[in-house]
Each structure stands twice: as structure tokens, then as C-alpha cells.
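Q: As a plain string of letters, each chain reads:
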Amino acid sequence: MNTRTPHSTHTRIALALCAALGLGALTPTEAAERIALVVKNLGNGYFEAANKGGQEAAREIGGVELVMTGPTQPTAEGQIEIINSLIAQKFDAIIVMANDPDALVPVTKKAMQRGIKVISADSAIAPEGRILHLSPSNAQLVGEKLIAMIGKTIGGSGEIAVLSATAQATNQNAWIEWMKRTLAKPEYATLKLDAVVYGDDQSDKSYREANGLLATYPNLKGIIAPTTVGITAASRAVVDKGLVGKVFVSGLGLPSEMAGHVKSGAVDAFALWNPIDVGYSATWIAHRLVKGEASGKPGEEIDAGRMGRIKVGDKGDAAMAEPFTFDKTNVDEFARIF
Amino acid sequence: MSLNRFLKQRETLLALILVAISAGVAWRAPTFIGLANLHEIATDSAILIVMALAQSLVIMTRGIDLSVAANVALSGMAAAQLSMHAPWLPIPLVLLFATLVGLALGLVNGVLVAWVRIPSIVATLGTMSLFRGLTFLAADGKWVAQHEMSAAFLAFPRLDVLGLSLLAWIGVLGIVVAVVFTRHVALGRELRALGGNPSAAKYVGIRETTLQLFVFAVAGAVAGLCGYLWVARYAIAYDGVALGFELQVIAACVIGGVSIAGGVGSVTGTVLGALFLVLIYNALPVVGISPFWQTAIVGAAILSAVILNARGDRTDGLRLILRRHPAH
Chain F
230 MNTRTPHSTH
240 TRIALALCAA
250 LGLGALTPTE
260 AAERIALVVK
270 NLGNGYFEAA
280 NKGGQEAARE
290 IGGVELVMTG
300 PTQPTAEGQI
310 EIINSLIAQK
320 FDAIIVMAND
330 PDALVPVTKK
340 AMQRGIKVIS
350 ADSAIAPEGR
360 ILHLSPSNAQ
370 LVGEKLIAMI
380 GKTIGGSGEI
390 AVLSATAQAT
400 NQNAWIEWMK
410 RTLAKPEYAT
420 LKLDAVVYGD
430 DQSDKSYREA
440 NGLLATYPNL
450 KGIIAPTTVG
460 ITAASRAVVD
470 KGLVGKVFVS
480 GLGLPSEMAG
490 HVKSGAVDAF
500 ALWNPIDVGY
510 SATWIAHRLV
520 KGEASGKPGE
530 EIDAGRMGRI
540 KVGDKGDAAM
550 AEPFTFDKTN
560 VDEFARIF
Chain E
-8 MSLNRFLKQR
2 ETLLALILVA
12 ISAGVAWRAP
22 TFIGLANLHE
32 IATDSAILIV
42 MALAQSLVIM
52 TRGIDLSVAA
62 NVALSGMAAA
72 QLSMHAPWLP
82 IPLVLLFATL
92 VGLALGLVNG
102 VLVAWVRIPS
112 IVATLGTMSL
122 FRGLTFLAAD
132 GKWVAQHEMS
142 AAFLAFPRLD
152 VLGLSLLAWI
162 GVLGIVVAVV
172 FTRHVALGRE
182 LRALGGNPSA
192 AKYVGIRETT
202 LQLFVFAVAG
212 AVAGLCGYLW
222 VARYAIAYDG
232 VALGFELQVI
242 AACVIGGVSI
252 AGGVGSVTGT
262 VLGALFLVLI
272 YNALPVVGIS
282 PFWQTAIVGA
292 AILSAVILNA
302 RGDRTDGLRL
312 ILRRHPAH
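Order-wise, the sequence lines are chains F and E.
Using this note's numbering, the first residue of the first sequence is number 230, and each one after it goes up by one.
Using this note's numbering, the first residue of the second sequence is number -8, and each one after it goes up by one.
Keep in mind that a hint or two might mislead.
[Said to hold, decoys possible] Heads up, incomplete: computed chain E residues facing chain F, CB under 8 angstroms, no partners named:
#: 1; residue: ALA20
#: 2; residue: ALA136
#: 3; residue: HIS138
#: 4; residue: ARG149
#: 5; residue: VAL232
#: 6; residue: PHE283
These aren't lab readings, by the way, just hints derived from the structure by calculation.
Backbone N, C-alpha and C define an ideal beta-carbon position, used for all residues, glycine too.
Extracted from the complex, chain F is given alone in its bound form (with noise of 0.2 angstroms):
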């Protein structure tokens, strides 16, 4: 199948048979510069907001093309086939979300040898095999937008709590480190941590963890619970007690798990990355470092158009920005979207 040929009433057939079997790929284009987004797979509604945000920086930059592409299925094996594809295609960049991080090394590093940037985003492959990785966020930044957040909703001062998973749990304990260290600033002096507890990621706990702060602290204004299954049980119970305008539960989960919840009232804004913008900063880091802006060294700030400047860290790790906010004005959309 050689896409360099005219097009012809064959070519354009086989061309229409690509498109359908989701080897989009392969078309055939007058843009200067191609960039390829392969996602994990194809059909879900996460990796196609991701698109969504890269088209948009594509239109922006001008005189690029961004191609989405997948396996149907979220395997490795999948991926590799893509990239190699890719290659042979002569991409000028790819981004891609990796199924796993050591797996696709070699067909990655194949890919750098032949002059292709490659960079990994939202979920990574490791540093050997692709230039940077461009993580959603980071810790401090997760840290810093929760309390932010809940500040803002109840107001700038009040008690507050977090409802967390496990009392071992990797990210979540970094998150409320971080919030920690957030509120030890002297703008949150009026915010007062009352507790934290662990709800162990099981509703029937995180429901009784939740009603124990309700009944402990009288005071009490707002809950956080970075983590799907806490912010809904803390929901339910703010709900249940009648405490709805009184008590308010913030955290990290997914528009189309949390919009019942912000719309009973017991959630005002809660974040999680935003896809879009994941997919929008990658095709903008993936174009400065074709064009020879960039050289996504460690420390260096790479600007992403309307997502400002990012920097890139140890490890060659990037964080884009902090979690996106989802409240009543937008939850419905991206409800849909993931």
C-alpha cells in the first residue's frame, strides 16, 4: 500500500478501507509536518478528548497534521505494530500513551534512531525509550489545587477533613502531603485540618469514615477525598445527614462518576486532569521539538500555546499544569466525554 502515489479511484477505495479498519494513519497528506497520537485504544471517550486537544493545538500551530491511531485493543502489542507502521511512514513525531512502559522501549528507540521525536504523555514509557514524558500533573501541583479549591468553596476559612483510600497509598499519601504543606502557608492560615482518615477505597468504610468526621467535628465545612470511591461514599453521607450547603465534598474523580453528585448539591468542584488539555500540550511539545525548539532537556520550559510554559523535570518528566476544575457549568460535558 504506498500512500506516495496520486490519488487514484483504487487508492482513494483502499484509502476508504484504511479509515474503516482504524488505519487512519496511512492517509496521505500535504502538511509539512505529521505528527501521530497513538493512544492506548481506540473508541473510548478519554483518548478521544485527548484528540480533540491535539487537533486544536494542530490548527493553531499551523501547517501540522495530527493523526490519532490505536489498537482496538489496550495491548502493547497492539502499539508496537502502530509505531512501526509509523516509522515506515515517516512521521515526523509521535506521541504516544503507553499500555507499557518497558515493552514498546525498543520500538520507540527505533523510532528516535530514524530522527522520529518521540514523547510519552498521560501514562508513560520509560526514559530510555522516548524524550520526555509529559505527566497530566504532579503531586504539589494535585496538592496545591485541592486546597485551593475547597478554600474557595467554603468560602476562605472554615474546618476541613480528608477522606483518603488506603492509610499506604502512594499517590494519595503524596497529595495530602502536599495539601499539607500547602495550608502551612500563611493565605491558608484560616483553614484548619481537622483529620485525616482512610476509607480503604471500599464504600462501606469510606461511608462510616465519613459520618465519624460528620459526627466529630460539628464544624466541620469541607471534606476532601482524592480518590473515586471517597468523594462518592462522602457525598452520600453529606447527603444522607441533610447537610447539603453546610458541608461540602471536594476532590479527584471522574465527571462521569461525580455528576450526581454536584448536581445533589453535596459537590460543588471537584478535578481531575482534563484530557483535552493532555492531548493540546503534547502536540504542541511534540511540534517545538520537530521545529528544533526544544530539546526537552531536563529543566527546560517548552512553551504550549494557551497551557503557558512547561517545564521538564528529573527524569526528563514534565507536569502540564495543575488538575482541571469541574463544577454545575461543566460537569454534563465532560460526563459524557469520561
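Following the hints, position chain E against chain F.
A: Relative to the frame of chain F, chain E by itself:
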């Protein structure tokens, strides 16, 4: 007669421990014995009470059902999916559907144990993983969230009937049914006989296969009903629902004096065992004990209850020997 009196004593002791715990917690947090919190505990314990009563029947016949929590997850997921696709369905039908799904799963256990003659601990260990896996597959790994369930679906267990939540009433109903069944229905008494002495039971014409099929069917149907109640109460259905709950159910039975060796157990004891656990689960967050200690405390409580039971049984046996051989 002396055995009966002993049972009564142990149940009184358990009840006293419950009062002592409540008083201790109330000393730290007076709201704990407030009307609102007692209502919360009544509601919170309903699922565990009815599940433990069903499990006690299984244990009474020398069996065990490890798959009940996975059954809760699968039946709950099925009910949630049904409500998502047909939100107009009246809730009694959803309830019936969940119960039937649970019953079907329970019958699988029953057939494996009663007819295929696989030991119940092995058979239900297998179906436990099977049901859990099916829960994941049924939803393709996705969760059913609050806004995908109908308002009536979520409201049902919370309905206020004469000042108590419907969920609490279901607990009360479960206790009444269990008392009537074990005391006044021949089948209930046969279960105890079968667990107490299987060979003797066979000679008096008790059909072991039928009874085993029956107890697993009951455990399954009750788990199915609880599946709906669980999902509606916590407004979320996913493959991790009630993970590890089967151990709480068994612990409630054991604390309540149901003997793993079969034939021994009472409704009052089982209910008190379940209340004991729920009381501890609700008290620990209020008292503010480190999460690292919480599970250890629950474990210690279970062990002390079992040791108490074992010592009690031994004394009883000793008494029997002493009575038979007064010379010693």
C-alpha cells in the same frame, strides 16, 4: 437444659459488652448514643445482620459460603444495570430481580456442594472468584454511578417508615423470619440436627442433599437482595463492591457463637455478633484511633470472642464428663 442456659449466659455477656463499648465511646463522644446515631447503626447493621443470619444456616449444617460478598457485587451490578437501562421499572421488581440473580448464584453453590459433592469451602472459594470476575465483565470494567441510577432506586433503602429507615426494617424483618424459621419450622430444626450429627440425622430421614441445596439457595437469595440494598445505599456499583465482606459475615456468626463444627448457633447470638462488629466499625472513626490500629482491634475482638466461645464449649464438655463419671 444446661447448654441452653449457657447459651443464654454468653448472649447476655455479648449484650453487656455491646453496652460497655457504647458507654465507653459515648464518654468520648456523647452524640454516639444519640437517637440519630443509634438509627444510623440500626441502618448500617441491617445488611450484615441478614447476611450473617443466612450464613449461620450454612455454617449450622457444617458448611461455609465464601461467595456471598461476590454475590452481593454481581447481583448489585445486575440490579444497577437494570435500573440504568429501565429506570421506569418499579423498585419491587428490581428487588425481585436482584434476589433471583442471587438465588441463581446460590443454587450454583448448592449444586456443587450437594450434588457434585465438592467441600463447600472449596466450591465457594471458586465461585467467589467466578462471581467477582463476572461482575467486572458484566459492566466491561465500568462503574455505574449515582446519576445513572433512578431516583426511586436510590431512595428505597432510605424511605422513612414509622421513624426507621426501610433498610433497618429489612434487618428487623430478617430477624423475625429467622426466629420463626429456626424455632417453629420443622426444616429449621432439621438443619441443626444435620449439623449436630449428620449420620444420626440420616437415620431419622433428614435429606442431606435437599437441605444443603436449600441453605445455599437461601444464602444466595439473601445476598442478591443485599446486592441491591448495598448498591442503592452507597450509590455506586463496581467490581470491588463488598470486597472482603464475606469475612465480616463469617466473623459476625463466629462472634455470635455459631460453631464452625456445625449444629450450634442462635439467632440472638448471630444478631449480637453482627451488631458488635458494626458498633466497632462505627465507634473507631469517632474515637479517632489510628487507621493502622483499626483492623488489628477488629481482629483482636474476633479472637477474644472465639476464645471465650471455645472455653465455654470446653467447660460444657467437661461438665458432661464429670456428670457421667462422678468418681473423677
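Q: Any hints from earlier that this structure breaks? Give me their numbers in increasing order, please.
A: Failing hints: none at all.
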